[in-house]
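K.L.:
Residue numbers (the numbering used here), protein chains in the order written: chain A, 2 to 373; chain B, 2 to 373.
The set of hints was computed from the structure by calculation and includes no laboratory data.
Honestly, I wouldn't trust all of these hints.
Any copy will do: because identical chains look the same in the list, a pair fits if it lies in one copy or spans two.
[Claimed, not checked] Quick list of in silico lysine to aspartate or glutamate cross-link-like pairs, DMTMM-like style, CA-CA up to 20 Å:
hint, residue 1, residue 2
1, K251, E226
2, K82, D296
3, K82, E52
4, K104, D120
5, K82, E133
6, K251, E156
7, K82, D297
8, K104, E4
9, K82, E72
10, K323, D120
11, K104, E350
12, K82, D27
13, K323, D296
Number of protein chains: 2
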Amino acid sequence: MYEFRFELTATDGAARTGVIHTPRGDIRTPAFMPVGTAGSVKAMMPQSVREAGADIILGNTYHLMLRPGAERVARLGGLHKFCGWERPILTDSGGFQVMSLSKLRKITEEGVRFQSHIDGATEFLTPERAMEIQRLLGSDIQMVLDECPALPASEAVIEKSLALSMRWAKRSKAAFGEQPGHACFGIVQGGTFTHLRARSAAELTEIGFDGYAVGGLAVGEPQSEMFDTIEATTPLLPADRPRYLMGVGKPGDIVGAVLRGVDMFDCVLPTRSGRNGQAFTWSGTLNLRNACHADDPAPLDPDCRCPACRQFSRAYLHHTVKAGEIIAPMLLTWHNLTFYQDLMAGLREAVAGQRLAAFAQAFNLSLQIKMS
Amino acid sequence: MYEFRFELTATDGAARTGVIHTPRGDIRTPAFMPVGTAGSVKAMMPQSVREAGADIILGNTYHLMLRPGAERVARLGGLHKFCGWERPILTDSGGFQVMSLSKLRKITEEGVRFQSHIDGATEFLTPERAMEIQRLLGSDIQMVLDECPALPASEAVIEKSLALSMRWAKRSKAAFGEQPGHACFGIVQGGTFTHLRARSAAELTEIGFDGYAVGGLAVGEPQSEMFDTIEATTPLLPADRPRYLMGVGKPGDIVGAVLRGVDMFDCVLPTRSGRNGQAFTWSGTLNLRNACHADDPAPLDPDCRCPACRQFSRAYLHHTVKAGEIIAPMLLTWHNLTFYQDLMAGLREAVAGQRLAAFAQAFNLSLQIKMS
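Whole structure, please, built from the sequences with the hints as guidance.
P.N.:
Pasting the structure below:
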C-alpha cells in the first residue's frame, strides 16, 4: 500500500479515532508528534522516541533550511535517514519560525525575506521554496507556507493576513504537485474570528488538501477562546481528512481539542519541560528542582513504564537536575514523551469505547485534586 | 562466592590478564572504568555503559560528599541503587579533587580542610571520614585518602607529602576495617622519584591491601617519565593483587601501561571528549566540529558496534555537534566508551594470546600513519 490514506475507525461525539496509513508506517490518531526541530527530538535516541509510543515526529523547515540545509540533507539521503527515524515525519513550512525567531522580516506577496538567527545571512522563503525544501527533506506530511500574525490583532489585520495565506496556500499546493505516498496539508487561519475561520476553511477545502491544520492558536489567547475557535472550525473541515492543531499543547489542551474533533498535535512542551526539570504526571506537573524531592526514594510515577520511573527515584532525578547532569534532561524528556503518548493512547481507547466524556472528566478532576 | 578475589589467568612479559571477582560481578582485567563523577557517567544511561562493555564504573567521593551527600545516598539504599548501576563501583577517596577543585585548602596531620566549589561551605576530610563516606556509598573498591602534590615538585616536597600519605594510608586501612566482599586499595606515591616509589610500595605492602594503585601520574609529566615510573613501580607490588593506574589516560597511555603490568584504569577522557565533539578511533582522534565532516555520509567508524556508528553518519554527528543538540554528546560519549572498552578487550585477548607486543606495535603504527 503506497498511498496516504486516513481511515476513521470510531467517533464519540465530535471526537474521532483512526489511522493515517502512509508508506512509512501507520499513525494512530489522535496522535501526538514529538518535535525534532533540527533533526533530533532533543535528548532522545530515535528508538526511545518510538518506544515511548510515537508513530510520527515533526521537523522544522526553518531550522533545517538554515542548518544543515535542505539540499545537503537530500544529498545525504533525506531527513529520515539523516536523523535515524524511518517512520513518518511531518514538516512545518517555516512560516511560524520565521515570524518568531528570525530578524528583519519583510513580507511581500512573493514571500518573506529574513535574516537567519544563526549567522545573520539573508534568506528568502516563498511558498514554492517552502514546498521544495520539504520535498528535499523527504517529508511525509508537508505544510503550506502561511503568514502567522501575532495575537491580539484587529480583524482588519487578521483578514488581510488570511487573504495572503490563502493565496500562498494555493501556490503551495501547486508547488507540492504529485508526490505519491506524501501528503500536503492546508492551514486554517483567521485568529479567533469565527467567520474568518469559516472563510479560510472553505477556501482551503475548495483547493483540496490531504489534511487540514488549525494554525494561529495557542499563541497566548485564553484556553476558552482556543476551544471556541476549534469548536467552530472543525465541523467546517472534511470529515474524511485528518485535522491537526499546530503547536498544542498542554495535556488539558489536548484533551479538550480531541473532544472537539482534532486528530493530530505537536508541541515542544514535553521535551522543553524535560530539559527544565519539569515532569508531567497524571496528577499534574512536578518540578524536580524542588528540595522536597531530595530524599524521596519513590519513583516519579509508580505506574509509568519509562526508564526514569522504572530505574530511578525522585531523589536521583532531583540530584541530577541540580547537578546539571545530562542524564536529567534525557530521563525527564523520556518520561514526558511517554506520558504524552500514554495520554494519546488513553484518548484513542476512550473514543473507541464511547467513553471520552468520562475520560476527560476524570483527567481534569485528577489534575484539580492534585493542584489544590 | 561473597569474597573479593583477583584471579590472574595469563601473563605476557610484564602484562597480565585476569578477573577480579566481586559479589556484584566480575571485572575483566585489564579494565577501563568509565567515570561517573556525581552519580552518572555523563550523557549515558547505565545500561548503555554496560552495553559498551564496562564491568565497573568509578564514583567520586569529593563530588558525592558535597552533593547529594553520603548520608543521603546511604538512606536511599546506596550508590548502586541510587544511580541505577548494580555492578561494581570503585570510589576514589576525594584527595585528588580536593587538591584540584576546592578552594582554600589547608592540610594538617589530621586531614584537609577545604571549601566546597559548589556552595563555599567548609568541609573537613580525614582518612577516617573518607573511608566512612565510601562505606556509606556502598563502594566495592575503596581508595585510601592520600595527598596529591602538584608536579613538578622537589624531592623534599614529594618525600614529605609521601610520608603523610603513608600515615594516612595506615589510618585509612584501619578505618576500612572488615567489609566482606569489599576491597581497600593503597595508593603508591613518590612523584617520578624511583626510590620514593619503592619506599611507598614497600610501606603499603607492609600494611597490606586488596589492590595497589599508582597515583600522582598523568599530571602533566612527559609520557616517557610516566612509563619509566610505572615500569619501576609495578615489579615492587604483590603479583597477586590488582594494580590500578589512576586517572590514565589516552589510548596510547593505556597500551603502554598494560605492557608494564597495570590492570585497571579510569579517565574522564572518553566521556569529556565526547561532550566536546571529539571521537576516538583506531586511526586516531577526530573532531566532529570540523567542516570536512559536513557532507560525509560515512559512519564515524564502519567497524564500530556503537549506535553512533551503526545508525548515523559523520554528517549527522557534525550537524548535531554544531547545533548543540544533546544527542551529540550522547552519541559521541557512547562511541568513545565503546572504543575504550573494545581497546581493553583487544588488550586482554592479546595478553591471553601472548601477542601483546605485536598488538601494541600495530596500534601505535596505526595511529602514526593516520596522524602523519
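K.L.:
So which of the earlier hints does this model not fit?
P.N.:
6, 8 and 11
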